[in-house]
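Engineer: Sequence:
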Amino acid sequence: MEYMLLVAIAFIPFIISISLTIYSRTTVSIALACFLVLLGAWQLEIAALYADGLLAESVIDRLFRFFRIGPILIMPIIYYFIYYLVSEHEELRRYRKWINRTSLSIMIGYSILVYIINFTDYGVTSYMVAPGRVYSPTHWLPVYGSLNWTFLLNIFLVFVHTFLLLRVTILMKDPIYKLFYGKLIIGALFVFLNGVTSGFGLFPLFFSSFNSILVAILLFVGFFQMQTARVKQANARLAKQSELLEAIMNLNPNYLIVMNQSNHIIKVNQSAEKLWDVSKDELIGKDFSVVAEPPYSINPLRKDVQRFVNKTGRPYYIQWGFQKLDQAEKEYHTLFYGIDFSKQKENERLLLASEKSKVIGELAASIAHEIRNPLTTVRGFIQLSKEVQKEKGYEDIVLEEIDRINEVLKELLLLAKPEAQVEQNGDSTTSISVVHEVNTIKLLFEAIALEQNKSISIYHTLEQGHLARFEKSHFKQVIINILKNSFEALPKMGKIKIKIDEKNRKTRIRILDNGRGIARERLSRIGEPYYTNKEKGTGIGLTICFKLIADYGGQMMVKSKIGWGTVVTITLEPVAKESVVFHEESEGRSTVV
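Here the sequence shown is numbered in my numbering, starting from 4 and rising by one per residue.
Do not rely on the hints blindly, as some may be mistaken.
Said to hold, decoys possible - PhoX-like cross-link-like pairs, simulated, lysine-lysine; straight-line CA separation at most 25 Å:
1. Lys283 with Lys243
2. Lys475 with Lys445
3. Lys487 with Lys498
4. Lys289 with Lys270
5. Lys475 with Lys506
6. Lys243 with Lys270
7. Lys550 with Lys562
8. Lys445 with Lys500
9. Lys495 with Lys550
10. Lys306 with Lys327
11. Lys314 with Lys346
12. Lys550 with Lys475
13. Lys176 with Lys235
14. Lys562 with Lys502
15. Lys306 with Lys270
16. Lys498 with Lys562
17. Lys475 with Lys348
18. Lys487 with Lys445
19. Lys500 with Lys562
20. Lys502 with Lys550
21. Lys445 with Lys509
22. Lys550 with Lys509
23. Lys564 with Lys500
24. Lys500 with Lys475
25. Lys564 with Lys502
26. Lys327 with Lys289
27. Lys283 with Lys327
28. Lys475 with Lys502
29. Lys509 with Lys475
As the list claims (entries may be wrong) - Computed beta-carbon distance windows for the label pairs:
30. Arg523 with Asn257: 37 to 45 Å
31. Asn257 with Ser282: 18 to 26 Å
32. Pro256 with Ser460: 50 to 58 Å
33. Leu304 with Ser460: 47 to 55 Å
34. Met7 with His336: 29 to 37 Å
35. Ile565 with Ile342: 39 to 47 Å
36. Ser61 with Leu221: 33 to 41 Å
37. Phe166 with Asn257: 54 to 62 Å
38. Gly56 with Ser129: 28 to 36 Å
39. Ala295 with Thr315: 20 to 28 Å
40. Val132 with Thr231: 46 to 54 Å
The set of hints was computed from the structure by calculation and includes no laboratory data. No experiment lies behind these values; they were computed from the predicted model shown. The C-beta atom is built at its ideal place from N, Cα and C for all residues, glycine as well.
Whenever a hint applies, use it, and build me the whole structure from the sequences.
Structural biologist: See below:
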């Protein structure tokens with residue numbers, strides 16, 4: 004009867020240890036579970052001594068020797084708690100020199116040695132019967148062998164390690180760990196002292212079994228108190244991290260919207276609130292489809308830059324993207340982010356205007372020359388008209404020269420017109436006759452070509468009325484920039500050929516020169532902003548050319564070879580003849596200056 008009761012009591016620490024490993028599998032919980040298992044084995048060792056009459060003496064001997072693993076291996080477990088605390092806490096760093104893996108291995112090895120001796124006559128030789136008393140029934144007592152001192156030393160080390168654990172616990176700064184390990188130390192000392200006193204006959208052996216139940220429950224409660232405190236600390240840290248992430252999200256200049264897996268908006272940052280002039284409470288909880296409706300009017304699935312006008316009429320240029328955020332197997336969120344390109348667009352417009360002003364300034368001298376020559380003729384014929392002459396025709400010559408002045412001034416004024424806002428509707432219906440516009444641009448460079456003894460040839464194979472999709476002033480700016488660069492690269496007697504034809508139903512313009520050419524390393528950087536080898540250049544001329552052509556759906560390529568020259572190829576989208584009515588003057592197939 005006593006044996007069965009003690010076995011049932013001994014299983015309580017086993018049950019508690021299984022509960023710990025199911026709830027938590029941290030290093031501390033596994034070590035504590037091992038401690039409780041060994042504590043239960045210790046109590047089964049004691050229970051075996053009360054099995055007289057139920058079990059044979061040989062069976063009792065085997066059970067006693069086997070379950071003696073509990074009081075023997077509990078020593079390295081206590082040492083492991085010390086090792087864990089010293090390795091995890093910086094304030095215990097000075098103990099790491101002698102509390103380390105090597106010393107832990109020595110303790111484990113020594114306890115295994117004691118356990119092996121326990122199975123020989125050097126550990127336990129025989130058993131004797133202890134007579135029953137008022138509070139203690141009859142039971143067996145082991146008779147120890149000559150090497151039992153190894154077991155006593157093992158028990159002594161248990162107490163030494165327990166007090167060392169008390170020392171490092173006091174030195175720890177973490178109050179939660181202090182509370183738990185304090186309970187562990189008190190419980191261990193209580194059980195160890197009770198076991199020692201019972202072994203010397205001061206108290207019945209089975210007293211330690213009842214005390215072990217109290218200690219197991221105390222450690223179980225203490226562990227869960229520690230875990231609860233840890234969870235509270237973790238929740239407090241998570242709350243602070245959440246506040247920090249919220250602040251970072253609000254400080255982000257990009258427009259951020261978070262959607263859950265149910266397609267409902269759960270987060271909106273302050274930048275998005277300011278963009279739409281709404282509070283986040285008006286958006287959070289709503290279906291994500293509302294962002295496609297006014298006043299939001301966005302399509303975050305499109306990858307191109309979208310134009311948005313807010314309530315005050317201010318335009319924004321935003322490129323939207325999205326990224327899925329997987330938090331668990333069945334839970335995910337989607338982050339939509341809008342990058343504001345409004346300032347970049349404004350800077351592009353300013354650079355465009357700046358480059359145009361620069362080009363106009365450089366062409367002013369040649370244009371002035373073009374105006375000055377016909378004015379001189381006009382002045383001379385007006386002087387002649389003051390004299391009475393019988394010859395006729397002077398008036399026609401005057402009108403012809405005046406018309407020429409008007410043409411030159413018209414090109415200058417056209418070049419200075421504001422750009423068409425192509426990006427407002429994402430497309431443009433503007434169309435031009437490429438041949439006509441190239442011929443008029445050639446007019447601006449005639450004086451430069453004659454003065455520098457250089458030539459421009461224009462060849463085309465296009466049909467009458469062939470149109471390309473481009474805005475007139477933009478086209479002039481692109482061609483003028485390229486021709487100006489070609490003129491600067493030409494030697495004396497240099498030539499520029501402009502070939503205009505159709506390829507793959509697209510208008511193709513090739514500007515060829517026999518200048519000094521461009522080195523391969525420089526050619527790879529053509530079009531980069533502010534990259535130039537000119538002493539007074541800005542490095543944005545060709546950048547704007549690439550940008551304008553791309554805006555109209557065209558392409559521009561530059562090929563060059565040192566000593567041979569450069570070829571610039573521009574491909575433009577055509578316009579159907581029936582969509583635009585355009586009057587073009589008849590032109591020859593080639594013109595040579």
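Engineer: Are the hints correct? Go through all of them and say.
Structural biologist: Verification of the hints:
1. Lys283 with Lys243: 21 Å, holds
2. Lys475 with Lys445: 15 Å, holds
3. Lys487 with Lys498: 13 Å, holds
4. Lys289 with Lys270: 11 Å, holds
5. Lys475 with Lys506: Holds, at roughly 22 Å.
6. Lys243 with Lys270: 17 Å, holds
7. Lys550 with Lys562: Cα-Cα ~18 Å, so holds.
8. Lys445 with Lys500: 11 Å, holds
9. Lys495 with Lys550: 32 Å, violated
10. Lys306 with Lys327: 16 Å, holds
11. Lys314 with Lys346: Cα-Cα ~19 Å, so holds.
12. Lys550 with Lys475: 15 Å, holds
13. Lys176 with Lys235: 18 Å, holds
14. Lys562 with Lys502: 15 Å, holds
15. Lys306 with Lys270: With a Cα-Cα distance of about 22 Å, the restraint between Lys306 and Lys270 holds, given a limit of 25 Å.
16. Lys498 with Lys562: 17 Å, holds
17. Lys475 with Lys348: Judged against 25 Å, a Cα distance of about 21 Å means the pair holds.
18. Lys487 with Lys445: Satisfied, since the Cα-Cα distance of roughly 11 Å is no more than 25 Å.
19. Lys500 with Lys562: 15 Å, holds
20. Lys502 with Lys550: 22 Å, holds
21. Lys445 with Lys509: Holds, at roughly 23 Å.
22. Lys550 with Lys509: 19 Å, holds
23. Lys564 with Lys500: 16 Å, holds
24. Lys500 with Lys475: 21 Å, holds
25. Lys564 with Lys502: 19 Å, holds
26. Lys327 with Lys289: 19 Å, holds
27. Lys283 with Lys327: 21 Å, holds
28. Lys475 with Lys502: 19 Å, holds
29. Lys509 with Lys475: Between Lys509 and Lys475 the Cα gap is close to 18 Å, so the pair holds against 25 Å.
30. Arg523 with Asn257: 37 to 45 Å: Cβ of Arg523 to Cβ of Asn257: about 38 Å, so the range 37 to 45 Å holds.
31. Asn257 with Ser282: 18 to 26 Å: 19 Å, holds
32. Pro256 with Ser460: 50 to 58 Å: 52 Å, holds
33. Leu304 with Ser460: 47 to 55 Å: Cβ of Leu304 to Cβ of Ser460: about 49 Å, so the range 47 to 55 Å holds.
34. Met7 with His336: 29 to 37 Å: 58 Å, violated
35. Ile565 with Ile342: 39 to 47 Å: The hinted range 39 to 47 Å holds for Ile565 and Ile342, with Cβ atoms some 40 Å apart.
36. Ser61 with Leu221: 33 to 41 Å: Hint holds: Cβ distance 37 Å, inside 33 to 41 Å.
37. Phe166 with Asn257: 54 to 62 Å: 60 Å, holds
38. Gly56 with Ser129: 28 to 36 Å: For Ser129 against Gly56, whose Cβ atoms are near 18 Å apart, the range 28 to 36 Å is violated.
39. Ala295 with Thr315: 20 to 28 Å: 21 Å, holds
40. Val132 with Thr231: 46 to 54 Å: Because 49 Å falls inside the window, the suggested range holds.
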